[in-house]
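S.K.: Chains as they are written, first to last, in this note's numbering: chain A, 1 to 308; chain B, 1 to 308; chain C, 1 to 308; chain D, 1 to 308.
Just so you know, the hints here were simulated from the structure itself, not pulled from any lab data.
Nothing here was measured: the structure is a model prediction, and the numbers come from that model.
For each residue, glycine too, the CB sits at the ideal point set by N, CA and C.
Any given hint could be a false lead.
The calculated lysine to any residue pairs, modelled on SDA-like cross-linking and capped at a C-alpha distance of 20 Å, are [stated by the list, open to error]: (1) Lys106(D) with Ser184(A); (2) Lys152(C) with Tyr17(B); (3) Lys152(C) with Ser59(B); (4) Lys126(B) with Arg88(B); (5) Lys216(A) with Arg2(A).
Computed footprint of chain D on chain C; a stretch qualifies when at least three of its residues, placed anywhere within it, have a C-beta under 8 Å from a C-beta of chain D [to be verified]: (6) 194-206; (7) 235-249; (8) 266-278; (9) 281-292.
If we take Cβ atoms under 8 Å as the criterion, some of the chain A residues that face chain B in the derived model are [as the list claims (entries may be wrong)]: (10) Tyr255; (11) Ala275; (12) Thr277; (13) Tyr292.
4 protein chains.
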Amino acid sequence: MRTIEQKGAYCYTFNRYTEPLARVKPGEEVQLLTEDAYCSLVKSENDDLEYMRKTRTGSNPQIGPIYVEGAEAGDTLAVHILDIQPTRDFAVSSIQNTIGGLTPNKHTPMMTEPLKERIWIYRFDKEGFLRHDDYLRFPWKPFLGTMATAPKLEALSALTPFENGGNMDAPDTKPGNIVYLPVSVDGAYFFTGDCHAAQGEGELCGTALEITAKVKLKFELVKGKTINWPRIESPDEYMTVGSSRPMEDAARIAYMELIALMTEFGWERMDAYQALTQAGKLYCANMVDTNYSMVAKVSKALAQRRKQ
Amino acid sequence: MRTIEQKGAYCYTFNRYTEPLARVKPGEEVQLLTEDAYCSLVKSENDDLEYMRKTRTGSNPQIGPIYVEGAEAGDTLAVHILDIQPTRDFAVSSIQNTIGGLTPNKHTPMMTEPLKERIWIYRFDKEGFLRHDDYLRFPWKPFLGTMATAPKLEALSALTPFENGGNMDAPDTKPGNIVYLPVSVDGAYFFTGDCHAAQGEGELCGTALEITAKVKLKFELVKGKTINWPRIESPDEYMTVGSSRPMEDAARIAYMELIALMTEFGWERMDAYQALTQAGKLYCANMVDTNYSMVAKVSKALAQRRKQ
Amino acid sequence: MRTIEQKGAYCYTFNRYTEPLARVKPGEEVQLLTEDAYCSLVKSENDDLEYMRKTRTGSNPQIGPIYVEGAEAGDTLAVHILDIQPTRDFAVSSIQNTIGGLTPNKHTPMMTEPLKERIWIYRFDKEGFLRHDDYLRFPWKPFLGTMATAPKLEALSALTPFENGGNMDAPDTKPGNIVYLPVSVDGAYFFTGDCHAAQGEGELCGTALEITAKVKLKFELVKGKTINWPRIESPDEYMTVGSSRPMEDAARIAYMELIALMTEFGWERMDAYQALTQAGKLYCANMVDTNYSMVAKVSKALAQRRKQ
Amino acid sequence: MRTIEQKGAYCYTFNRYTEPLARVKPGEEVQLLTEDAYCSLVKSENDDLEYMRKTRTGSNPQIGPIYVEGAEAGDTLAVHILDIQPTRDFAVSSIQNTIGGLTPNKHTPMMTEPLKERIWIYRFDKEGFLRHDDYLRFPWKPFLGTMATAPKLEALSALTPFENGGNMDAPDTKPGNIVYLPVSVDGAYFFTGDCHAAQGEGELCGTALEITAKVKLKFELVKGKTINWPRIESPDEYMTVGSSRPMEDAARIAYMELIALMTEFGWERMDAYQALTQAGKLYCANMVDTNYSMVAKVSKALAQRRKQ
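Could you build all of it, start to finish, from the sequences and the hints given here?
M.R.: Rendered as structure tokens:
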């Protein structure tokens with residue numbers, strides 16, 4: 001299996017303008033090495049977060065763009081997440097004054113004094129858990145915080161979740177699942193990064209257990225099929241991801257797209273609207289990024305019932 | 001076990017002013033008969049929802065108030081949900097133009113034409129599922145849409161979720177769980193109703209599988225313990241419920257209260273903030289009511305770790 | 001002119017259940033004595049706001065309810081604000097941790113340390129300005145922060161702006177203007193209070209220049225005319241007030257009602273929608289209360305053009 | 001005075017990557033020819049808006065980028081709006097299903113049927129008003145919907161208002177006023193366009209009276225002065241513009257920046273917070289774009305009082 005490493009600088013925006021780092025064929029499996037959200041500039045609890053923020057070129061470095069052969073605007077890119085392995089023995093979390101669901105920030109400023117910033121370093125223990133101390137210890141549940149194809153015209157900050165994916169921070173973009181992304185430009189221009197060793201729903205303080213990782217992915221194309229927002233397929237469920245502000249708009253988008261998905265299986269729109277009222281799931285992936293992300297779910301059994 | 005039925009009119013507000021319907025002792029188990037959200041005025045798919053809305057006294061009739069002996073302002077009321085049984089053979093859902101996550105409504109009005117209103121009647125089938133047709137068929141997963149104690153001064157619409165509970169529409173207020181509510185007035189003045197045979201997260205179109213029910217509850221008091229917002233305890237998890245608008249404010253409240261809960265187990269605040277970043281859960285209970293409700297969860301194992 | 005004073009306790013909710021304080025006839029002019037938002041418990045910059053909050057029965061005391069003879073549910077109450085005079089020589093503002101557009105609060109909690117609370121006492125100077133020092137000095141621009149009729153069923157906190165008016169904190173509810181409120185119960189049950197010597201748009205920190213006052217009002221009825229939300233008429237403009245969260249929902253309501261108002265003058269709905277795009281005004285009355293309030297405006301000249 | 005015309009394609013993003021169209025010196029006055037938001041593809045009320053949307057390269061074409069000699073990241077660009085003249089005899093407004101404060105759209109989707117799309121063509125009449133018919137007639141009050149400098153890394157859609165300005169749709173970016181924008185990249189990379197013959201606050205239906213125009217601007221630099229968000233200076237007032245979602249976050253940003261501005265004049269932060277509570281203004285510039293924009297204002301007299 002081919003291993004793709006970033007040459008030169010990582011990408012700090014999702015864009016079609018950067019020269020592709022590599023080209024992959026539909027059906028091909030590759031291995032990518034991802035950088036962590038701090039650009040690997042935080043390694044000790046005594047490091048200075050303000051210095052890190054001023055030193056790095058940008059936030060949330062991404063590997064890419066990966067050019068997918070044969071992908072055309074209007075297609076859908078299916079990314080199978082096969083495996084995630086850590087490439088160092090620690091993960092980093094922190095309280096920063098620039099981000100956080102319960103921290104005043106650029107979008108929701110307050111007159112209060114800033115929080116005292118703080119770093120937590122977690123190391124893998126014998127059971128493979130991430131351990132800071134006897135109390136702060138979490139199982140290894142890795143996923144990719146960021147997966148995106150390039151927008152049609154924009155170059156969007158790698159901190160942004162949007163209609164082509166991006167920084168969704170959805171724990172369901174994990175090994176065993178397939179992530180479907182809209183293709184807006186020929187070649188798709190895929191980016192990924194921001195691997196988390198574990199993360200709760202909402203990514204509450206703004207930084208999960210941030211790691212560098214080796215990620216195995218398989219790319220496939222669904223030719224001629226257009227979707228408007230990302231979808232995730234697990235063995236048992238179909239999911240849609242909506243990213244916007246306020247959070248209810250993200251929820252509206254996610255459920256609207258899930259209704260659209262159900263109509264592809266033969267459901268009438270109002271029946272699907274009512275069915276999801278009784279059996280949909282809806283969790284918050286992130287409440288900290290430039291857009292909030294909500295994930296709506298339906299069981300495959302229910303979605304496919306019309307076609308049985 | 002004593003059965004409590006509403007005498008005279010059901011209640012359409014959560015309030016301390018209505019004469020208590022019954023008095024219960026801490027530790028006592030009682031059975032309550034709840035009315036459905038339509039005041040049982042919808043029984044056929046040909047009924048007129050506009051007529052129903054104009055005919056009924058109010059929305060979301062509640063049984064109560066139940067006076068809990070010994071409850072004083074500042075205490076916490078613990079309500080054990082022991083059992084829920086249907087008292088009729090059908091459940092009702094509908095699309096109404098007055099409510100819905102994807103329906104323009106009083107709070108989020110739009111210039112578009114109203115939706116065509118529609119009713120779905122579900123009946124229990126042999127396997128005990130709620131069945132409309134071969135496709136619309138859902139398992140029996142009953143819970144109480146509404147559980148509240150009276151506000152200190154206000155009389156709030158039974159459509160409202162708020163700091164003393166109310167119309168949270170959280171699928172976790174179900175048999176086997178304990179719901180903790182702040183007590184704002186002596187006697188607590190407990191109300192419940194709006195039983196759902198099943199509901200997805202968000203209650204998307206605004207009406208779940210609405211039923212009348214017989215509900216077994218046990219009331220207990222936590223004397224001298226004050227909580228600010230509702231909590232739910234399942235065998236494995238602690239939950240907090242925040243209700244506000246926009247949805248991110250409901251999420252903020254839920255997680256802030258979950259941090260407060262963890263500090264009661266010995267957690268330092270910033271550690272709890274960071275721990276929930278890695279391991280909290282956060283789902284949308286309702287995206288349709290006068291406030292949106294978000295439920296934040298932490299495993300008991302994690303919350304209690306500091307005290308082990 | 002009759003002077004109405006509160007007998008016994010002021011009201012802390014808008015409700016139909018409290019015994020009317022007085023009865024007025026349509027066309028009648030009366031004088032009301034209003035209490036300030038602090039229940040007159042803050043008189044010095046050394047007072048303790050926490051003590052004040054714990055001591056008072058409720059927030060934002062209201063005089064009322066005033067029963068308007070002949071008012072029936074479905075009518076509109078027109079309240080002419082004739083005059084406002086201060087009844088003491090000072091006004092009070094403060095920074096409190098319980099409220100504020102840039103202060104974490106119950107609805108938008110944050111993990112930061114609370115602000116240091118602070119009181120500012122302003123006194124009338126020779127020019128009739130409210131003066132704290134050489135820099136903090138503002139002209140006398142009084143208005144009524146709160147004007148409401150009772151809800152149909154609820155008893156709502158006097159801190160709440162809602163469809164029958166309430167704590168809108170709109171600087172346009174001032175002498176010379178007419179405020180139109182929906183009548184939901186027979187007799188209307190009018191409440192007012194929370195007089196401000198001056199206030200900017202948004203009431204940013206949560207407390208304006210709070211005063212006690214003598215207010216001259218004239219009540220009139222528009223029989224058989226039903227409005228959904230408050231309206232304000234100045235010599236030159238028609239206004240509508242929407243109160244909700246998030247703020248864009250308040251804005252949607254305000255403009256939706258202004259379109260409705262224009263259709264009463266013969267405008268086609270889509271023409272009115274487009275006309276307000278070119279010539280409507282939209283300011284924020286409050287960004288601090290339990291709902292946010294937005295005021296939309298159209299010139300009378302434009303609104304009435306269809307009827308000329 | 002030099003006239004700058006777009007050569008080749010207009011810009012559809014605010015970015016630093018496009019080759020500068022022209023270079024200007026601080027103090028220089030230039031004339032720019034701006035395209036309308038429809039790329040001049042709508043000229044008749046019978047045109048097809050869906051065809052227009054599919055045909056054009058992008059939304060909201062911008063002239064630029066203009067390289068400002070001597071501008072360095074961290075400086076502030078001052079743009080004096082000297083004059084705006086129409087370059088054709090008509091303006092266009094429309095109802096589109098892709099945008100609108102009371103129209104379901106990409107961000108706030110609904111299950112309702114789309115609105116019937118519609119175009120209004122306005123022509124200048126003898127008095128210089130924009131006239132559609134006897135009722136739809138508005139005075140000439142031109143301003144630039146869009147003014148921006150390039151972001152540090154991103155290329156943002158010309159539909160987006162953000163911290164460097166952009167599609168703010170603020171009626172105060174008009175002749176006689178000065179607009180201050182943060183400089184994030186050397187040369188500033190200035191863009192403008194989206195001229196409106198008139199617009200109400202909120203740009204309710206999403207398209208104002210759209211025109212092509214000749215715009216006279218003068219560029220100046222404030223070396224070494226860093227601002228975080230746009231400011232506007234009129235003869236009597238200082239303004240700040242916040243753009244975000246939900247709308248209350250835009251309001252928070254605007255007022256936070258206005259407090260920052262006042263501290264530059266010697267105000268203590270909490271005094272400024274309180275002073276704006278009594279005397280600030282806060283209106284909605286747009287409630288339709290990808291971010292909502294709010295404009296906060298303070299009189300120069302008040303802001304400068306500390307320095308007198």
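S.K.: Which earlier hints turn out false for this structure, listed by number in ascending order?
M.R.: none
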